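S.K.: Below, each chain spelled out in residue letters.
2 protein chains.
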Amino acid sequence: MRQSQLFMPTLREVPADADVKSHQLLLRAGFIRQNAAGIYSFLPLGKKVLHKIENIVREEMNRAGSQEMMMPALQLAELWHESGRWYSYGPELMRLKDRHDRDFALGATHEEVITSIIRDEVKSYKKLPLNLYQIQTKFRDEKRPRFGLLRGREFIMKDAYSFHDKQESLDETYETMKDAYSAIFSRCGLNFRAVLADSGAIGGKDNHEFMVLSEIGEDLIAYSTESDFAANIEMAPVVLKEEASSESPLELEKVETQTAKNIDDVSVFLNVPASKIIKSLLYMADGEPVLVLVRGDHEVNEIKLKNELSASEIVMASEEDAVKWLNTKPGSIGPVSVSDVKVIADQAVPLMANAVCGANEEGYHFVNVNADRDFKIDQTADLRFVVEGDLSPDGKGTIIFAKGIEVGHVFKLGKVYSEPMKAQYLDENGKNQIMSMGCYGIGVSRTLAAVAEENNDENGLIWPLSLTPFEVHLIAVNSKNAEQSALSDELYEQLKSEGYDCLYDDRPERAGVKFTDSDLIGLPIRVMVGKKAGEGIVEVKIRKSGESYEVPVSELKSVLKREWDKLV
Amino acid sequence: MRQSQLFMPTLREVPADADVKSHQLLLRAGFIRQNAAGIYSFLPLGKKVLHKIENIVREEMNRAGSQEMMMPALQLAELWHESGRWYSYGPELMRLKDRHDRDFALGATHEEVITSIIRDEVKSYKKLPLNLYQIQTKFRDEKRPRFGLLRGREFIMKDAYSFHDKQESLDETYETMKDAYSAIFSRCGLNFRAVLADSGAIGGKDNHEFMVLSEIGEDLIAYSTESDFAANIEMAPVVLKEEASSESPLELEKVETQTAKNIDDVSVFLNVPASKIIKSLLYMADGEPVLVLVRGDHEVNEIKLKNELSASEIVMASEEDAVKWLNTKPGSIGPVSVSDVKVIADQAVPLMANAVCGANEEGYHFVNVNADRDFKIDQTADLRFVVEGDLSPDGKGTIIFAKGIEVGHVFKLGKVYSEPMKAQYLDENGKNQIMSMGCYGIGVSRTLAAVAEENNDENGLIWPLSLTPFEVHLIAVNSKNAEQSALSDELYEQLKSEGYDCLYDDRPERAGVKFTDSDLIGLPIRVMVGKKAGEGIVEVKIRKSGESYEVPVSELKSVLKREWDKLV
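Chains as they are written, first to last, in the numbering used here: chain A, 1 to 568; chain Y, 1 to 568.
Treat each hint with caution, since some may be false.
Ranges of calculated distance between the beta carbons of each label pair, as one might list FRET restraints [what the hints assert, rightly or not]:
#, chain 1, residue 1, chain 2, residue 2, range
1, A, Arg12, Y, Glu92, 36 to 44 Å
2, A, Glu535, Y, Lys123, 33 to 41 Å
3, Y, Glu419, A, His100, 29 to 37 Å
No lab work stands behind these hints, which were simulated from the structure alone. From a predicted model like this one, the values you see are computed outputs, not experimental measurements. We treat Cβ as the ideally placed atom computed from N, Cα and C, and that holds for glycine.
Given only the sequences and the hints, what does the whole structure look like? Please build it.
M.R.: Structure (structure tokens):
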């Protein structure tokens, strides 16, 4: 396409309210414009990238056996009442009334709609499993839209839903979707991890978020230095690497510790490392007291604790509860002699010897505390947060932390929607059963932003070949020069005929403006027709490496082929 | 794709509330499902057709130099206030508030949004013209949604907008868009006309609706038997074919006509044909009286009358006005001796000789009335509705009427939006000017329905090759028969490798069910593997012609190629 005709309004200045790179550059390079807070238009360059992402998503979803469909944005409130989400979803769900005063939701997600379709149309196990997807505009009224396309109020999502008679069938589709997602994000050139995430109230371990590693990510993930293991830090299991202490048990002793209460103070006061102190915390789990023990240098992971206790709610005990159950205030709590309260300890605690803990008496601690001899443990489990340097649970490498941008999510819903909405089928024996479901989402416009966020330098965007809006940027350095202009025109036709999607800067602008714009929009390969046009020599520049060199026109075809192959 | 895995819920019964063929068949064949009144989901087959239409639209729009972009559905109310449409658009515009209580419209159309973008980004004539389009979901809260996808509340539209500095540039783009639209609808296999339509308050003659000729159409169009001339019946010009009467003028005479008032009564009473009677009607045009004359066998076209008078409002005069200006009641009105009221006559009136007209006196008519001698005509113009048999205005053929479904619309907006919204540019002389605009819409989902409406028989849909969801329907007549099943599997692989998008009915259903479903979904070419599988013989059937014949497997490739070429 001739750039003189392209609607590509570039900006020299960094827009004031754009605070991350991708937002700044997509605005500056004329890929997007904001229409309202969190609401954007995709200009031609942005739309072309969006298309390429959508096509990759479509190809991989189709290959994985998912079928494309298209559901409406306007959703009857009745469906959301059936699932119970009309009230629980909160103000993020945009709502409106039609001219007949009927309530509608503006599609934030489509579990309700797809479930209503499938329950009406699928009555037999013979028609299962099914896996259906759509690529569609979604609406979520974020309280604080930010980071441009990364957290908007209207955005493009691919959402897929699967329906199953058997758990194994759901498991199989889940794995297929995970593989498809890996293929999609790989093809988009992203550095991502499939991260084990918390399933919340829904339960089950099969819930992965696809995270692009990024400094601006809002989620913290723990991943392995050497394998593809990755988990939300709340979810990362800790592999016990400590062995039992070889110290001989010494005599239990109660010592005065004055005002020292927290781990740091006690550590200093008694001159013992935090790792020799037992951190003792009283929780109320569904109203029952539970004494939780972890090592002083570890932090209790309440999600693990809650899952381990199979509790629906856990809260730190109040001062009143502490006094009631342990006869002391928080800050002096310890496990010694506790019998009426359940004691649950992190797996590292039984390995400690001659440890320090609170004495359930203000101003005192016990030293030389040893499990079994001095206190009971009712249950041992992995209760702490993972830390950097921990072993990777798969045995390969150690854990490091990074921030991530969530671009995809696969989730075993089970019967959370199919049960209240009565999505039933007849099984082999003619008995009514409730379907199991999975759901699988990709933030399509967010992926665009994530790619922009991870692929840029101080001069602008750097598109991977798979997503670039145009493949080759042909620049007539001085369009007013007849020789340059003629050769450029000729090369434009040649590049098109060779199958390149070519953007041809034929504008009557200064060379500096053209190069600045070219760097900004970031096409992978640039061909510049300048002063040596008369000699039949042009310059090729690779956006990513910055490498540039002169090429005789006669060799351009083979040079571009070579550079192309390097970039693929 | 294997049909056993395809989500394609077919229905045997005609759905009760579906009253046109396309709606019935798209539901029955499992292409769509209704989610709420006027709101539909596209199931996999429907989505595939939609995709093909979208791709045709995209290809032709790109070829015509339009650039694809994507604007949001959520539109700030402020923009609609600027254009004045927040109040004038009425309840069809769906509205909602966000969590901060700001008003938004749900995009029914995007003139406001695109104009706001262009006025912010384009400041110079050097950046014009621009032509931008999007393919997007639109929302219009129709009072009575009906005919399935033909008049829904949420639907898919291609809308394009062009911006210009010069009228000639707008004219050129308008013609380019008209050509692109013709290409698009031709490729969709539709029998359509580009129909001249009324521009309403906006003025200008450049407003064409693309109409598919259809009995269920809601608009009446007049088109030529021999050329591509077509116009909304309100807009079709009448070419004068009559010559002046050769009769010698007889003496003016006032006759008693008792209670005969309307044309039919007077015609019978005086035994003269309606074509010899002058129909005289008093209108008030912007408050001024105008006496309008047409031949008794013609009907006044008020749109032509209004345009001819350059009036902003015309109404038939009340009895009081008739008495006031002509001293008689409506029913006895005539032009003889009228001097204080403007007289405007259809072009056929001055050609009449010895005509009959009201005498401005109840119970009387004049006979042997002749223009000029007996009454004045201040203005002559084409004021009547076209009728079947009139000459086509382009001189080729005669006019016939048909009903049409509007699938596209091209419109020169001029400055209707750019003026109030201040979309300005600097011209060559550095002077501020207001841009001219065009807008160009295609109902994408409506086009799907129009194609279905026009391509079916009593057994189901009949897809044109360009839009068919799958190209070849391979049917294993009896999947439980090992020979048939093996040959079918083999042919499925073969057809795929030959590049056909093949639907393979591998279901363990009875042959009758398979054939019924196959007719219903209407793929163009069917290959049936039945009892002669063992002999290597299959049956080919063409959906449209119903023609079927046996083919040895070895010849299948060439037979399909031949049938394909016939269908293209």
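S.K.: Each of the hints needs a verdict: does it hold here or not?
M.R.: Hints versus structure:
no. : hint                               : verdict
1   : A:Arg12 with Y:Glu92: 36 to 44 Å   : holds (42 Å)
2   : A:Glu535 with Y:Lys123: 33 to 41 Å : holds (39 Å)
3   : Y:Glu419 with A:His100: 29 to 37 Å : holds (36 Å)
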